[in-house]
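Visitor: Residue numbers (numbering that gives the first Met the number 0), protein chains in the order written: chain A, 0 to 240; chain B, 0 to 196; chain C, 0 to 193.
Just so you know, not all the hints are guaranteed correct.
When the alpha-carbon atoms are kept at most 20 Å apart in a straight line, the in silico SDA-like pairs for lysine to any residue are as follows [unchecked claim]:
{"hint": "1", "chain 1": "C", "residue 1": "Lys-160", "chain 2": "C", "residue 2": "Ile-177"}
{"hint": "2", "chain 1": "C", "residue 1": "Lys-160", "chain 2": "B", "residue 2": "Gly-182"}
{"hint": "3", "chain 1": "A", "residue 1": "Lys-110", "chain 2": "A", "residue 2": "Asn-183"}
{"hint": "4", "chain 1": "B", "residue 1": "Lys-190", "chain 2": "C", "residue 2": "Ala-164"}
{"hint": "5", "chain 1": "A", "residue 1": "Lys-8", "chain 2": "A", "residue 2": "Cys-18"}
{"hint": "6", "chain 1": "A", "residue 1": "Lys-8", "chain 2": "B", "residue 2": "Leu-151"}
{"hint": "7", "chain 1": "B", "residue 1": "Lys-120", "chain 2": "A", "residue 2": "Met-10"}
{"hint": "8", "chain 1": "A", "residue 1": "Lys-2", "chain 2": "A", "residue 2": "Ser-13"}
{"hint": "9", "chain 1": "A", "residue 1": "Lys-40", "chain 2": "B", "residue 2": "Gly-98"}
{"hint": "10", "chain 1": "A", "residue 1": "Lys-30", "chain 2": "B", "residue 2": "Leu-58"}
{"hint": "11", "chain 1": "A", "residue 1": "Lys-2", "chain 2": "B", "residue 2": "Lys-155"}
{"hint": "12", "chain 1": "C", "residue 1": "Lys-32", "chain 2": "C", "residue 2": "Thr-174"}
{"hint": "13", "chain 1": "B", "residue 1": "Lys-190", "chain 2": "C", "residue 2": "Gln-166"}
{"hint": "14", "chain 1": "A", "residue 1": "Lys-8", "chain 2": "B", "residue 2": "Leu-58"}
{"hint": "15", "chain 1": "C", "residue 1": "Lys-163", "chain 2": "B", "residue 2": "Asp-95"}
{"hint": "16", "chain 1": "C", "residue 1": "Lys-163", "chain 2": "B", "residue 2": "Gly-98"}
{"hint": "17", "chain 1": "A", "residue 1": "Lys-131", "chain 2": "B", "residue 2": "Leu-151"}
{"hint": "18", "chain 1": "A", "residue 1": "Lys-40", "chain 2": "C", "residue 2": "Gly-66"}
{"hint": "19", "chain 1": "B", "residue 1": "Lys-155", "chain 2": "A", "residue 2": "Thr-101"}
{"hint": "20", "chain 1": "B", "residue 1": "Lys-120", "chain 2": "A", "residue 2": "Ser-13"}
{"hint": "21", "chain 1": "C", "residue 1": "Lys-124", "chain 2": "A", "residue 2": "Met-10"}
{"hint": "22", "chain 1": "A", "residue 1": "Lys-40", "chain 2": "B", "residue 2": "Leu-90"}
{"hint": "23", "chain 1": "C", "residue 1": "Lys-124", "chain 2": "C", "residue 2": "Thr-74"}
{"hint": "24", "chain 1": "A", "residue 1": "Lys-34", "chain 2": "B", "residue 2": "Asp-95"}
{"hint": "25", "chain 1": "A", "residue 1": "Lys-40", "chain 2": "B", "residue 2": "Leu-151"}
Cβ-Cβ distance ranges computed for the label pairs, FRET-style [to be verified]:
{"hint": "26", "chain 1": "B", "residue 1": "Ile-99", "chain 2": "A", "residue 2": "Lys-141", "range": "45 to 55 Å"}
{"hint": "27", "chain 1": "B", "residue 1": "Asn-5", "chain 2": "C", "residue 2": "Glu-1", "range": "33 to 43 Å"}
{"hint": "28", "chain 1": "B", "residue 1": "Ile-99", "chain 2": "C", "residue 2": "Gly-28", "range": "47 to 57 Å"}
{"hint": "29", "chain 1": "A", "residue 1": "Pro-126", "chain 2": "B", "residue 2": "Val-161", "range": "30 to 40 Å"}
{"hint": "30", "chain 1": "B", "residue 1": "Val-161", "chain 2": "C", "residue 2": "Gln-99", "range": "45 to 55 Å"}
It should be emphasised that the hints constitute simulated quantities derived from the structure, not laboratory data.
Everything numeric in this text was worked out from a predicted model, so none of it was measured.
Cβ atoms here follow ideal geometry from the backbone N, Cα and C, with glycine treated the same way.
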Amino acid sequence: MAKLKSTFKNMFLSLFTICFVVAVLLAQVNKITAKPIAEAKAKKLENAIREVVPPFDNNPVAEAYKIPDGAGDSLTIYPAKKGDEWVGFAVTSYSNNAFGGTIQIIVGFDKDNRIVNYSVLSHAETPGLGAKVVQWFKDTSKPGQCIIGRDLSKEKLSVSKDGGNVDAITASTITSRAFLEAVNKAYAAYVNTIAGNAASGATELSKDIVPEETTKNEKDIASDTTINKNDKTTGGEEHAQ
Amino acid sequence: MRNNINVLINGIVKENPTFVLLLGMCPTLATTSSALNGMSMGLATLFVLTCSNIAISSLKNLIPDMVRIPAFIVVIAAFVTIVEMVMNAYLPALADSLGIFIPLIVVNCIVLGRAESFASKNNVISSLFDGLGIGIGFTLALTVLGALREFLGTGKIFSITVYPENYGSLIFVLAPGAFIVLGYLIAIFNKLQKKTN
Amino acid sequence: MEIIGIIIVAVFVNNIVFSQFLGICPFLGVSKKIDTAIGMSAAVTFVITLSTLVTYLIQKGILENFGLEYLQTITFILVIAALVQMVEIIIKKISPPLYQALGVYLPLITTNCIILGVAILVIQKDFNLVESIVYAISTAIGYSMALLIFSSIREQLALSKVPKAMQGVPIALLTAGILAMAFMGFSGIDQVFK
Chain A
0 MAKLKSTFKN
10 MFLSLFTICF
20 VVAVLLAQVN
30 KITAKPIAEA
40 KAKKLENAIR
50 EVVPPFDNNP
60 VAEAYKIPDG
70 AGDSLTIYPA
80 KKGDEWVGFA
90 VTSYSNNAFG
100 GTIQIIVGFD
110 KDNRIVNYSV
120 LSHAETPGLG
130 AKVVQWFKDT
140 SKPGQCIIGR
150 DLSKEKLSVS
160 KDGGNVDAIT
170 ASTITSRAFL
180 EAVNKAYAAY
190 VNTIAGNAAS
200 GATELSKDIV
210 PEETTKNEKD
220 IASDTTINKN
230 DKTTGGEEHA
240 Q
Chain B
0 MRNNINVLIN
10 GIVKENPTFV
20 LLLGMCPTLA
30 TTSSALNGMS
40 MGLATLFVLT
50 CSNIAISSLK
60 NLIPDMVRIP
70 AFIVVIAAFV
80 TIVEMVMNAY
90 LPALADSLGI
100 FIPLIVVNCI
110 VLGRAESFAS
120 KNNVISSLFD
130 GLGIGIGFTL
140 ALTVLGALRE
150 FLGTGKIFSI
160 TVYPENYGSL
170 IFVLAPGAFI
180 VLGYLIAIFN
190 KLQKKTN
Chain C
0 MEIIGIIIVA
10 VFVNNIVFSQ
20 FLGICPFLGV
30 SKKIDTAIGM
40 SAAVTFVITL
50 STLVTYLIQK
60 GILENFGLEY
70 LQTITFILVI
80 AALVQMVEII
90 IKKISPPLYQ
100 ALGVYLPLIT
110 TNCIILGVAI
120 LVIQKDFNLV
130 ESIVYAISTA
140 IGYSMALLIF
150 SSIREQLALS
160 KVPKAMQGVP
170 IALLTAGILA
180 MAFMGFSGID
190 QVFK
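Model the full assembly from the supplied sequences, consistent with the hints where possible.
Guide: Quick look at the structure:
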């Protein structure tokens, strides 16, 4: 077949056909992959929750709600329940004062104000220095730097350089400060939740769900994890549950 | 057939995109912080390159010369978007670590360069082999660079510990290390090539 | 205050060349002489500002409204290609000498990943329109600065004795590596402005 001449009609038809075919193709691939993408994101959050609270048998993502942290901000809480008893809360929290900008974490608390575990959802710290935050505060063999099992009703966390009780990451005090700030913030939200529960009874927790109102930073967490922006229906279903 | 194998080998050695043509430097430097990341980026590019080479060489007569560049770009962008969506769906962790460099395969000069200089002039089969050759050359280069940086920086290769991490020199995993390791690799490649000539 | 933070981070801390690794190909290509480096910087600055503005509006106005985010890459690259073509025609008319100097590299701006990279980054970072434009301009400033520093070093380098295998790109990459180390010193500087 001879090559098409560069007339206006040929150029237009050729480009138009290519664009059309490509658009149809992409729409199909998008249809196929939209669900797995949403599932992968939901799973990432669920795994993070599973890691930071005691074993549970409910669906914390579906029962998530927002609670003020007492400092003019609100955080998302994922209640973990076994049967009808609640066994712990996972709280997503953040700090904008880390070395590389924002750090987002999820912290789990049990019934007795103790930290069960934490997981860093996203950070932009220097590899080898601040990036150690992912593991540093979990090392149970070094009680000075480990925050797991600490009872926050007795002591607020702060780095030892500021006269506090936690050893900061070597050469990364700013990262450590920001991390502990986020943990303390999460604890404040946790305390507010407990106070709310005592007043209204644990079973009514799910009535407090405020799904759509998100602050800017919370929106980042939400879009990273639960709600897939590409597929509004999936997000809607989750909230409808 | 022999000709096609020559085309394949040509892409891996003589016209190695990273060490000889010096194309596609951005992903080369940015995604090679570990051997696995480098290899994944190489494979993603390999896929896009092969598909776009095949598509463009089979469509070459239907695309008028004056609009060929935009047409090529649309075809390439389509394959890149497919890779992006599939990775997000089935390999989310990898998609996170490669980040913005997956959509940026679109502007990788290697892909457009091969479309323009090879696929638009040759038949489908040779274009397929050219895509594979260049793609494999790119993947190899990225894997070697990633492995070296990972080894020097953290004492591991493909996450398997070779020597204790504390003896590693972190700078090789960070930005400066990318430039320095690649600089030395190209110098070594130059030296070897001159010897064989 | 946030705006100042964005500028400092984009120009120094996360310098587009030395820490984000975007736009390396033209960076190595045009940095042999200071003159071409300046021309390239000007072209990139102009295109990047314009294209970020246009792609941002398209993303918010069309793609997100109709749930077509998956067409982002393809739309952005087409818009950028068209814009570059326009800039090329305009420069050809206004300043033929500049066009002569940049002739080869202007079409390459399309495949300069900085332009597409910044367009995608501002969407990922959830910037508003003003922040996006500020980010685009400061990124371009960071790029221009990197190009200027680098090209002046390379002009000197051309006169010095370099081992044969290291000549050209290898030594340039090593230089860039050392510069990148210098730029690492800026990390955390934005904390001061909080």
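Visitor: So, for every hint listed, does it hold in this structure?
Guide: Here's how the hints hold up against the structure:
Proposed proximity of Lys-160 of chain C and Ile-177 of chain C is supported: the alpha carbons are some 18 Å apart, at most 20 Å. Distance restraint check for Lys-160 of chain C and Gly-182 of chain B: the Cα-Cα separation of roughly 17 Å lies within the 20 Å cut-off, and the hinted pair is therefore satisfied. Between Lys-110 of chain A and Asn-183 of chain A the CA atoms are separated by roughly 16 Å; this keeps the pair inside 20 Å, and the hint holds. As the CA atoms of Lys-190 of chain B and Ala-164 of chain C are separated by approximately 6 Å, the hinted pair is consistent with the 20 Å bound.
As the CA atoms of Lys-8 of chain A and Cys-18 of chain A are separated by approximately 15 Å, the hinted pair is consistent with the 20 Å bound. Distance hint between Lys-8 of chain A and Leu-151 of chain B is unfulfilled; the C-alpha atoms sit about 58 Å from each other, more than 20 Å. Taken as a hint, the Lys-120 of chain B and Met-10 of chain A pair is honoured in the structure, with Cα atoms around 19 Å apart against an allowance of 20 Å. For the hint pairing Lys-2 of chain A with Ser-13 of chain A, the CA-to-CA distance comes to about 12 Å; that is within 20 Å, so the pair holds.
Restraint check: the Cα-Cα separation between Lys-40 of chain A and Gly-98 of chain B comes to about 15 Å, which is no more than 20 Å; the hinted pair holds. A C-alpha spacing of about 26 Å is found between Lys-30 of chain A and Leu-58 of chain B, which places the hinted pair above 20 Å, so the restraint is violated. Taking the CA atoms of Lys-2 of chain A and Lys-155 of chain B, the gap is about 53 Å. The hint is violated against a cut of 20 Å. As the CA atoms of Lys-32 of chain C and Thr-174 of chain C are separated by approximately 15 Å, the hinted pair is consistent with the 20 Å bound.
For a cut-off of 20 Å, the pair hint linking Lys-190 of chain B to Gln-166 of chain C stands: about 11 Å separates their Cα positions. Distance check on the hinted pair: Lys-8 of chain A and Leu-58 of chain B sit about 17 Å apart at the alpha-carbon level, within 20 Å; holds. Between the alpha carbons of Lys-163 of chain C and Asp-95 of chain B the distance comes to roughly 40 Å, so the proposed pair goes past 20 Å and is violated. Proximity of Lys-163 of chain C to Gly-98 of chain B is assessed by CA-CA distance (about 37 Å); at most 20 Å being required, the pair is judged violated.
This hinted pair checks out: Lys-131 of chain A and Leu-151 of chain B have alpha carbons roughly 19 Å apart, not beyond 20 Å. For the proposed pair Lys-40 of chain A and Gly-66 of chain C, the alpha carbon gap of about 18 Å is at most 20 Å, so the pair holds. For the proposed pair Lys-155 of chain B and Thr-101 of chain A, the alpha carbon gap of about 29 Å is over 20 Å, so the pair is violated. Taking the CA atoms of Lys-120 of chain B and Ser-13 of chain A, the gap is about 18 Å. The hint holds against a cut of 20 Å.
Under the criterion of a C-alpha separation no larger than 20 Å, the hint pairing Lys-124 of chain C with Met-10 of chain A is inconsistent with the structure, at around 37 Å. This hinted pair checks out: Lys-40 of chain A and Leu-90 of chain B have alpha carbons roughly 11 Å apart, not beyond 20 Å. Annotation: proposed proximity of Lys-124 of chain C to Thr-74 of chain C holds, straight-line Cα distance about 19 Å (limit 20 Å). Distance restraint check for Lys-34 of chain A and Asp-95 of chain B: the Cα-Cα separation of roughly 18 Å lies within the 20 Å cut-off, and the hinted pair is therefore satisfied.
The straight-line distance between the Cα atoms of Lys-40 of chain A and Leu-151 of chain B is roughly 34 Å, outside the 20 Å bound, and the hint therefore fails. Checked against the hint of 45 to 55 Å, the pair Ile-99 of chain B and Lys-141 of chain A fails, with Cβ atoms roughly 36 Å apart. Distance hint for Asn-5 of chain B and Glu-1 of chain C: a CB-CB separation of about 57 Å, inconsistent with the stated range 33 to 43 Å. The beta-carbon spacing between Ile-99 of chain B and Gly-28 of chain C, approximately 22 Å, falls outside the hinted interval of 47 to 57 Å.
Here the CB-CB span from Pro-126 of chain A to Val-161 of chain B is close to 18 Å, at odds with the stated 30 to 40 Å. Checked against the hint of 45 to 55 Å, the C-beta distance between Val-161 of chain B and Gln-99 of chain C comes to roughly 53 Å, which is consistent with it.
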